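Chemist: Listed here are the chains, written in short residue letters.
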Amino acid sequence: MQGKPFFSVIPLIGILLPWVSLLILTLMPSRSRKARLSLCFLGSAATFVLVLTLLPGILDGHSYTIKIASVVQGLELRLTVDTLGYYFALMLSFLWMLATLYSIGYIDHKENRFFIFMALVESFILGCAFSGNMFTYFIFYELMTFGSYPLIVHEETREARYAATKYLVYSIAAGAVLFFAVVGNYFWGGGQLGFGQYGSLSLDIASRAALTTLFFAYLAGFGVKAAIMPLHGWVPDAHPAAPSPASALLSGVILKAGAFGIIRVVFNIFGIELMRELKVFIVMAVLACITIVLASLFALTQDNLKRRLAYSSIGQVSYIILGIAMLTHDGGLGGLMHLTHHAIMKGCLFLCAGVILLKTGKRNISEMRGIGYQYPITMIAFSVCALAMIGTPPSVGFISKWLLGNGALEAGLPVYIIILLTSALLSAAYFLPIIYVAFFRWEGDEIEGSARPKLSFTNESDYRLMVPIIVLAILVVIMGIWITVPGFPYSLVSKVIGVIFH
Amino acid sequence: MAIFMITLPLLGAVLVSIVGYLKPHWLPWGALVPLLASGVLGCMLIGRIPSDGYISYHLGNWSVPLGIELRVDYLALFLMLLICALGLLALIFSRRYIVKEVSAGRMTAYYVLILLLSGGLMGFVASGDIFNLFVFMEIVALSSYGLVAISANSRAVRAALRYLLMGAPASIIILLGIALLYMATGSLNMAELAGRIGQSGYREILIASFVLFVVGFGVKAALFPLHLWLPDAHSIAPSPVSALLSGLVVEVSIFGILRIAYSVFTPHVGNLTSATSNALAVLAAAGVIFGGVMALLQKDLKLMLAYSTISHVGYIFLGLTAFNAEGLTGAMYHMLDHGLAKACMFLCAGSFIYIKGFRRIEDLKGAWRQMPWTCFAFGLAAFSLVGIPPTAGFISKWYLILGNVKAGNWVYVVVLLLGSLLGAFYCFRILYYMFFQPGKEGAWTPRPADVPPSMLIPIWILAVATVFFGLFSGLVIPSLLKAAGLLI
Amino acid sequence: MNLSHNYLYAAAMLLFCIGLYNVIVRRNIVKKLIGLNIMETSVFFFYISLGYTRNGVAPVAGAGADPTRMVNPVPQVLVLTGIIVAVGVTALALSMVILLHRKYGTLDTDQIMRMARQEETQAAREEGN
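Residue numbers (our numbering), protein chains in the order written: chain V, 1 to 502; chain Y, 503 to 990; chain A, 991 to 1119.
Okay, chain V solo, but in the shape it has when bound (with noise of 0.2 Å):
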């Protein structure tokens, strides 16, 4: 949005790449296993590629965009890649990468459905990170949704059959209140849905009692899919019950469009301005902390690891909801990175709890004594993520909670800082046990005397699994310590900060 859009079809190229690999799937006979999943991951690497083409363009602030199609004057399918947008889809398109690399070594069965659909829902992100404006994004956004239904309902099993049915029950309700959200912005709106730099609704148009009704039905819509309080319960469900890379990327994607659905209602609807006036943002705030200390509270008392790990994500998620709550430059700065931060801190814990899964079958966390000297390599990278979790310099989960703080005192609400530091204990408190169990536990230490286990590097999994891992947990440091290199996330994201905080 900041200077004039060029025209460029590579937004729209970004989306229907993933269907390429869609048509292969569909079209190449199913012998040849290999050969299919190998050019699906192709098509992944080559959009994440096609993305990465855009960034120095980015970077020196211009901005893409496309007409689709369009309905009346005001309602038209847009694509437009601002550096907001662009943000996130560098970051979708890259752990999207990563995870059907590991995804060809773990699904093992109805893979044709696994990956057509793992296309189809990273195009529909992609449309939603490319949106120029509400319609578009509505329209990416609900797609992806039922898009995302047969990942969770892979296994069909019964715990899969409830947790993804729960899930379409919340989404199809939270789509149904977003729907009257998008047409209430579009009529109080004055006819128009687009992204404003600094907000395009305003109160000479439109009532203070509609504009706030209208934030509410956003924040509840959008709410779902970002795992605010009460409107979270799908996500304890649904994240031990899909396979670990559609997990990896339920935490480190999908609930990251329903947060960054409230980013583009902040920011660009509403404006700070607005918010400011409209006072709501009180409500937002204070729905975030709940959700943070409770879900840090409610992880503490699973067993599951995926579920602790799930409960983990519903916490971290509303970091980025408070952060954008703060209305402060230091706030939505580590709010917006944290969107990239989690997901990949995240999304390493849980490719780790799938290679432990798939390897040993175990799920609990008591049941995983002294496995870090089965796999070794996994476990360190799990705890190098689970410690970046906390806020262990120099990983990146401290650089998110640095500028977190530092937003709170920009707000003048130290309050913050409270929940921010117990939500911090409570994560040592939920992680660090799993490492302990992990690396100084062992099958049969009850047994005075009995030695410990000397570290296997046999057992690990193939490159396929490890990679991804390991390249996660090396950027989880990396990114912490190198903060300004361009492409990560600070180089895109202070741009943002610094025209929304002009």
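No lab work stands behind these hints, which were simulated from the structure alone.
This structure is a prediction, so every number in the text was calculated from the model and none was measured.
Heads up, a few of these hints could be off.
Straight-line alpha carbon distances no greater than 27 Å define the calculated DSSO-like cross-link-like pairs of lysine-lysine that follow [as the list claims (entries may be wrong)]:
id, chain 1, residue 1, chain 2, residue 2
1, V, Lys495, V, Lys279
2, V, Lys110, Y, Lys942
3, V, Lys362, V, Lys110
4, Y, Lys858, Y, Lys942
5, Y, Lys801, V, Lys166
6, V, Lys166, Y, Lys867
7, Y, Lys602, Y, Lys984
8, V, Lys359, V, Lys110
9, V, Lys110, V, Lys166
10, Y, Lys525, Y, Lys602
11, Y, Lys908, Y, Lys602
12, V, Lys279, Y, Lys908
13, V, Lys495, V, Lys362
14, V, Lys67, Y, Lys984
15, Y, Lys867, V, Lys110
16, Y, Lys867, Y, Lys984
17, Y, Lys602, A, Lys1021
18, V, Lys166, Y, Lys942
19, V, Lys362, V, Lys166
To spell it out: a stretch of chain Y is covered by chain V in this simulated footprint if at least three of its residues, at any positions, have a beta carbon under 8 Å from a beta carbon of chain V; those stretches are [to be verified]:
id, stretch
20, 679 to 689
21, 885 to 892
22, 904 to 910
23, 921 to 932
Just a sample of chain Y residues kept apart from chain V, beta carbon distances all over 10 Å, derived [stated by the list, open to error]:
id, residue
24, Phe506
25, Ala654
26, Ser779
27, Phe792
Glycine is no exception: its CB is placed at the ideal position from the N, C-alpha and C atoms.
Could you slot chains Y and A onto chain V? The hints should help.
Modeler: Relative to chain V, chains Y and A alone:
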């Protein structure tokens, strides 16, 4: 030229009956020709009619007020093209399908009745004279009664008789309404009536007339609580017939109320008809919820689709009663979308019956292994019915809700959203069974063995059309908005 | 407007109500159809009385015809059309009645419903086996 669009199918019906007597195996192709010709004429007319104008044709060159006038404006042409399209697709589908349900002796009657139905529907939509409206409505009604009963088993005849015993009194009520209108204004031409109603002093007679119209057309359109005939009639009729009935006949009846309320009683719509319109809106809202809930409870696929029709009829009415251009546009676009999607779903139901004889929803578990094309088309149509972007149903829902938001009818906004929630539940339940549930032992073959192409093509044309009209609604919506704005 | 002026219309409405009552309440199908016909006839009656003028003459144009005293011919045309429609409906309905009578042997709607329900439970039971 518009007159030929209407007379060709009617004349064709006569010709087809002769053809059927002489050479029965030419029947399906022969029946296609008149409708195809109508369709071509309709396409030629598209460019000719601006969105705020109309074409007028006087029968026999007798001018008004003595003669009968046909008025084809943008809305009418829109519906006429839909009628041609659905009629053609149903006929193509029938070629293979209808042998399953109709005995050889009645084939001719079937094709004749379908042509009469199509011609009658087009005449109804294009009519500019109110008595002409009645005559065409009767043609439509008689053909529908016949088509419901065509399979001649006792259930069908009972359903058709129930339809008749509710539809015929409704026709009489409408006739009485016309009589009252004539009594109060002395004219039968719709354009003239619009002027004369304002000058007429007979307020009570006009209000009574409007109420009679609403009741009469309400029965035909299955407005709650006058819907009792619909579930049986639409579920027992042969699937292509159900497609036409649900997709066209009920909607054209709603269009009848639209014409009466906007073209005849306007601009006095407000003070003469406001009470009735409010009652209408309440009943429509009740119908939306009732239809949705009943659809959830059904075990038979076609019964569920029939109750779903009742729900969607309520949607269209809620668009009409919003009294603004957006609501009206939403109502018209929903006629398009519901017609396409519901017809597609009924034809898919027909496919399931054709291949396996399955009518119950439970039997559809795991259906996608054997019939993937049908299942995917059904899925697309279901998405459109629920209103998921980027289908036509989404656009129509958008305008329906926008119209009611603009009018401040918050209750109806909630009702519309609730209705789409219910729709999501009953539609997705079927999709879940079809795609994500394993089939019963030996119910389905693991390799695809779907219906023949002559049946698949109409299904897929309809399914693709729902997405096409969602993505490219810009072709139609601006003109619809203008045309609707003129009526308000 | 008092009844002495509108007795024709009132009579038509009375007939209409009688017809509607019969359609709804009677159990015998043929009686329902007769009720339907009464309704239709009452509306035709209503139409014709619309066009009636006191001491009117037949609406034939010709030498010495006085237009102001003619009965209005338009409703009569409408009624002719309506009669055709009514005949069509009745014929169709009667053919359905014949089919039902052949199948069920009775014209009583309650009995037909009972027999039909028995049929259906029978069929459901067979399908279950």
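Chemist: Measure nothing beyond the straight line between the CA atoms of Lys495 (chain V) and Lys362 (chain V); if it is 27 Å or shorter, mark the hint as holding.
Modeler: 44 Å, violated
Chemist: For a C-alpha distance cap of 27 Å, please report whether Lys867 (chain Y) and Lys110 (chain V) respect it.
Modeler: 18 Å, holds
Chemist: Just want to verify: Ala654 (chain Y) was marked as not at the interface with chain V; is every Cβ pair farther apart than 10 Å?
Modeler: Non-interface label on Ala654 (chain Y) holds, nearest chain V Cβ at 42 Å vs cutoff 10 Å.
Chemist: For Ser779 (chain Y), is the shortest CB-to-CB distance to chain V above 10 Å, so the non-interface label stands?
Modeler: 22 Å, holds
Chemist: Within a Cα-Cα threshold of 27 Å, do Lys166 (chain V) and Lys942 (chain Y) meet the stated pairing?
Modeler: This hinted pair holds, its Cα atoms lying about 25 Å apart.
Chemist: Holds or violated: Lys362 (chain V) with Lys110 (chain V), Cα cutoff 27 Å?
Modeler: The given pair, whose Cα atoms are some 22 Å apart, holds under the 27 Å limit.
Chemist: Check whether the Cα positions of Lys110 (chain V) and Lys166 (chain V) lie no farther apart than 27 Å.
Modeler: The given pair, whose Cα atoms are some 22 Å apart, holds under the 27 Å limit.
Chemist: Are at least 3 residues of the stretch 904 to 910 of chain Y within less than 8 Å of chain V when you compare beta carbons?
Modeler: holds (count 3)
Chemist: Given the hinted pair Lys110 (chain V) and Lys942 (chain Y), is their Cα-Cα distance within 27 Å?
Modeler: Judged against 27 Å, a Cα distance of about 19 Å means the pair holds.
Chemist: Assess, step by step, whether the Cα of Lys908 (chain Y) is no farther than 27 Å from the Cα of Lys602 (chain Y), and give holds or violated.
Modeler: Violated, because 49 Å separates the two Cα atoms, which is more than 27 Å.
Chemist: Given the hint that Lys602 (chain Y) pairs with Lys984 (chain Y), test it: the Cα-Cα distance must not exceed 27 Å.
Modeler: Since the Cα atoms of Lys602 (chain Y) and Lys984 (chain Y) sit roughly 45 Å apart, the hinted pair is violated (cutoff 27 Å).
Chemist: Keeping to a limit of 27 Å between CA atoms, is the pair of Lys602 (chain Y) and Lys1021 (chain A) held or broken?
Modeler: Status violated; Cα separation ~35 Å.
In this structure, the hints that do not hold are numbers 7, 11, 13, 16, 17, 20, in rising order.
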